[in-house]
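S.K.: Relying on the hints, combine the two individually framed chains into one complex.
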Amino acid sequence: MGAGHHHQLYLAGDSVVHRLPPQCKLLAVAAFAIVVVATPRERFWAFGLYAVLLAGVALAARVPLTYVLRRMVVELPFVLFAFLIPVIGLGERTSVLGVSLSVAGLWAGWNILAKATLGVVASILLAATTEPRVILIGAQRLRLPSLLVQIAMFMLRYMDVIMDEMRRMRVARESRGFEARNFRHIPVIARSAGALFIRSYERGERVHLAMLSRGYSGRMPMMDEISGSVGQWATALALPGMALAVLGLSAVQGLSL
Amino acid sequence: MRHRLTKGFAVHVPDGFFDAAVSVSAGAVAAAGLAVCLRGARRELDDRTAPMAGLVAAFIFAVQMLNFPVAAGTSGHLLGGALAAILVGPYTGVLCMAVVLLVQCVFFADGGLTALGINITIMGIVTVLVGWGVFRLVARLAKGKGGVTVAAFLAALVSVPSAALVFSALFWVGGTAPIEVSAVAAAMGGVHVLIGIGEGVITALTVGAVLAVRPDLVYGARGLTTPLVLRGAEEATAGATVGATAGTTVTVGADEEPVATRSPLRAFLLGGLGLTLVLAGIVSFFASANPDGLEAVAENHGFLDQATHHVFGSWALADYGDVGGIPVGVAGIIGVGLVLLIAGGVAYAARGREKARV
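Keeping their order, the protein sequence lines are chains A and B. Per numbering that gives the first Met the number 0, the first sequence starts with residue 0, numbered consecutively. Per numbering that gives the first Met the number 0, the second sequence starts with residue 0, numbered consecutively.
This is chain B alone, in the form it adopts within the complex (with noise of 0.2 Å):
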């Protein structure tokens, strides 16, 4: 429960709410990271990366303060890793949240100081991977501005609830709290699509005021500002061949420009389809678990209600709470480190991506 949409402000995980295997696994897949961003960061931003990283940290810190309204009452906050990763690159993205939750934890007692690594693995790399893998994929095959607003909405979209899916496979491994596994991951599932539906829509705008005004601080479409020198070239070869429209004829070799015409609509359709693909997948995998669907799992109620249905069921780790017990322990070193080999594939297929793109 990092992340209530009622009280509008994030949760980060307290001391003791973990065993100290998954803290302590957590905690060296949080410093690895942060390593390997460390380096990145400086290719991304070299000297300037203390300064710059420092002020979209206290942006960050700020935005995530900045309430929107989700519906009738209740406001929602950004958790803000996708719109970072978006915004200056996923290396400084990291770092940044990172920093945040570092001043948070330190500063304002926000998150106990043993499950930093916890809360740093969560809540900046695993939304910043996975909003920048989903944001990748997805402006390569929707390009334009479109593009890069519904692949800003995708990514936030999907970064929030599986960032809440990593916290229930962490809690599945080394959680103190004798629940359902299920009972979690539904519970914080449901919510966090729901909240990962306002991440998305406010990433995607703010996403999109910056792109209006200064196009070139978003790291995301770093694409779309360099093709305006060659636009005179191509209008006059456009202009040259009478009767065809300068979208369909010029396609090699200046994707952006004749792919920005039609954008819109190819946008809309694969985002449709992304969002299609991931609602099916994300909620009907929670309905599933839960019968009762997402109005169920969004109050409290309703999570009474599902989690009493297995009140009976089997319980089998009485000693799950125990510290350090050996087969919890392995089990977490191992889903951690399972963790470590997709976020590090991730990482790896994005880098490539990148070098491939530079």
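So that you can see chain A by itself, here it is in the shape it has in the complex (with noise of 0.2 Å):
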């Protein structure tokens, strides 16, 4: 999990990618992570495949690998707990390199490892070329409810300010000698983090009220309706479209054999 500098997710560019709508975007990442998910985990051509189309997004967005690599850290916990799974898993057991694996427990562990990174690299990619506000808009746009996606705007817009006031107070906790060591330590740590609330709560308040003094009713006025044209909506879906077609040809050649 970054550490709050989202504007750090967001790779500045002009590729064909970074200009497409972003409900479009959003629909393809949703419906790409959907068809990767329902594939069964024996085609492993087709995960393959499924890597190949995100590597050419990646390459038509121009994001660097050792971009992707780094943000990859987030799905680490999953990983070791994939490489367990073998180990610690059920039914018949298998030796390899002299290690007895569970079958099943092979075929599980890569199914989450396969799966889950490609979910991730997709997430990745879409944030990496679409400005987080822009992101919501298009949720907004997606009819997700809207005030969902104000809470979540307005969550974006302070989420560097509150996370700043906590570094503040950590720096103030340090500089007057205080480490955090053992249990004994939590009721500071608790403490700063009650001041945290109270400062967010009454930041939030305030925001209201200079929200008022501008004329808010409890809607946010849409500044820039974004439409996508039928061509920007094949672009982003021909993600989807060709992972779905790999699925099909997977599933073809699956009844041959």
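I should point out that these hints are in silico values taken from the structure, not numbers from a laboratory. The beta carbon of each residue, even a glycine, is placed where N, CA and C say it ideally should be. Honestly, I wouldn't trust all of these hints.
[To be verified] From chain B, some residues computed to sit far from chain A (all C-beta separations above 10 Å):
(1) Arg42
(2) Leu136
(3) Gly145
(4) Trp171
(5) Gly222
[Unchecked claim] Covered, in the sense of this in silico footprint (three residues per stretch, anywhere, with C-beta under 8 Å from a C-beta of chain A), are these stretches of chain B:
(6) 15-24
(7) 50-61
(8) 104-113
(9) 177-191
(10) 205-213
M.R.: Below, the structure written as structure tokens:
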């Protein structure tokens, strides 16, 4: 989990992928994830082709591989878990390099590893090519409840502020020689959290008053109506479309085998 | 394994961990829950909902990164569901948690897009509802500031293992990994009882810190601030009846005032009783599944040993991971329906109680 610097999630650029309307990209990523999850785990090469598709998107968006890899750290705990499954899994065992592993566990580990990785990379590419604010506008265009979108927008807007307040409190604690070493130091941390809550809540009240004074009536004005053309929708949905084609091909091949 | 004690950061369910039936059902539960909460939050916060809930969501996001020491070298961090429920109310709490999970999923790629429903159900709806239910129950029995603190502790303590239990239940219904469910439940439950204790301590202390400065901001303690107006009148009556303490004579009409004097003892007794019941229930449940007990579960080695006992046990569900397998799928929907019923019941009860209070 990145430490609140959400502007670093977005890589500015002017590629085809960057220019696509957010709702197209959101729908494309969601559909892609669904296709990936729906693919039976035995079809190895289908997953390989999915990876190639994502690599194509990354290439078109000029997102460097190192950036994607760095952000994939988020997935690490589940990767560890995926490697653990064959060891603790049930069912018949097989020996790999002298280690007794469960066959079903190996399948499950592979299944989670492949699908989670593809999903994470797709999400990373979405966040890297779309500004957070714009993603939320896209979500609103996709008929996500507007209140939910508004809450998310406020959260994104003030996340850095709140994280900075927390950082300042930590600096203040540490500059006074505090270091959370054991259980007895929890009250200090908890008081910081309490202070952080009060500051956040009071800031929320001030923000609300400021909004009221500018004519807020419970609804945010839409400044930029982004609508996707047929061509843009077609471009965006090419990713899940091709993934679906791969899935269909693999099914045909599975039947003929 | 949403949450690793040693790593110190939340781990959300990724794509491919649960089968399609469970993912879709949990998505439906999450959507329904969010719809209810969107309506409810408007009642809690009216047109302030968007900025307030947004700021609280940012707070939850930040506080989830606040590491606190648990024991020798390891650190944990808040899940925040119970804390959100107590501070801003259950509806807004669910919304905040859902938005945090949404943002973590879409922007930080933490948690799969197809598993978003599962993550919101487990970490948003279950933790908030269970936390709020326990909080209301205990806070009604033990009144006063001490009562709120104890209730906050118990609420957070119970909310984390129950989320882990729901995770295990979902895993049982539609997990893709061939691991004995009792092993998952034992490991998840065992670790999460420990995490829950940490969560409980820090939630209670945080609520206490806010109560000390701005008691009016604690949604779960709104009853505590109103009697301040009545105090003068009651002290006058108490002063008039010589020899009787204010705490024992005035009992009708003002619960907070008399109870406040003896609440610490009562709160601690009730809290202790509740804690014992919780620990007895949860720990004995896992103890029966895993004789090695908590410390075995807490570290992976114990986990491994325990799991190998079951290696040659009955493993009938060879096709467990097949997407959309009909029996598993139907079972998934039934299981999630049950969760929905229970959650709905708790929500309805919480709402009824709230209405009765106001």
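S.K.: Hint by hint, note whether the structure agrees.
M.R.: Hints and how they fare:
With a least CB separation of 13 Å from chain A, Arg42 of chain B remains clear of the 10 Å interface cut-off, as annotated. Here Leu136 of chain B stays apart from chain A, with its beta-carbon at least about 23 Å from theirs, past the 10 Å limit. Listed as a non-interface residue, Gly145 of chain B keeps its Cβ farther than 10 Å from every Cβ of chain A; the least gap is roughly 16 Å. Residue-level check passed: Trp171 of chain B sits 13 Å from the nearest beta carbon of chain A, beyond 10 Å.
Annotated as non-interface, Gly222 of chain B keeps its C-beta farther than 10 Å from every C-beta of chain A; the closest such distance is 19 Å. Counting residues of the region 15-24 of chain B whose beta carbon lies closer than 8 Å to any beta carbon of chain A gives 4, which meets the minimum of three for the stated coverage. With 11 residues bearing a CB less than 8 Å from a CB of chain A, the region 50-61 of chain B meets the requirement of three and the coverage assertion stands. Restraint check on the region 104-113 of chain B versus chain A: 9 residues with Cβ-Cβ distances below 8 Å, three needed, restraint holds.
With a threshold of 8 Å between beta carbons, the proposed coverage of the region 177-191 of chain B by chain A holds, since 4 of its residues qualify and at least three are required. Chain A is given as covering the region 205-213 of chain B, and this holds because 8 residues of the stretch bring a CB closer than 8 Å to a CB of that chain, at least three being needed.
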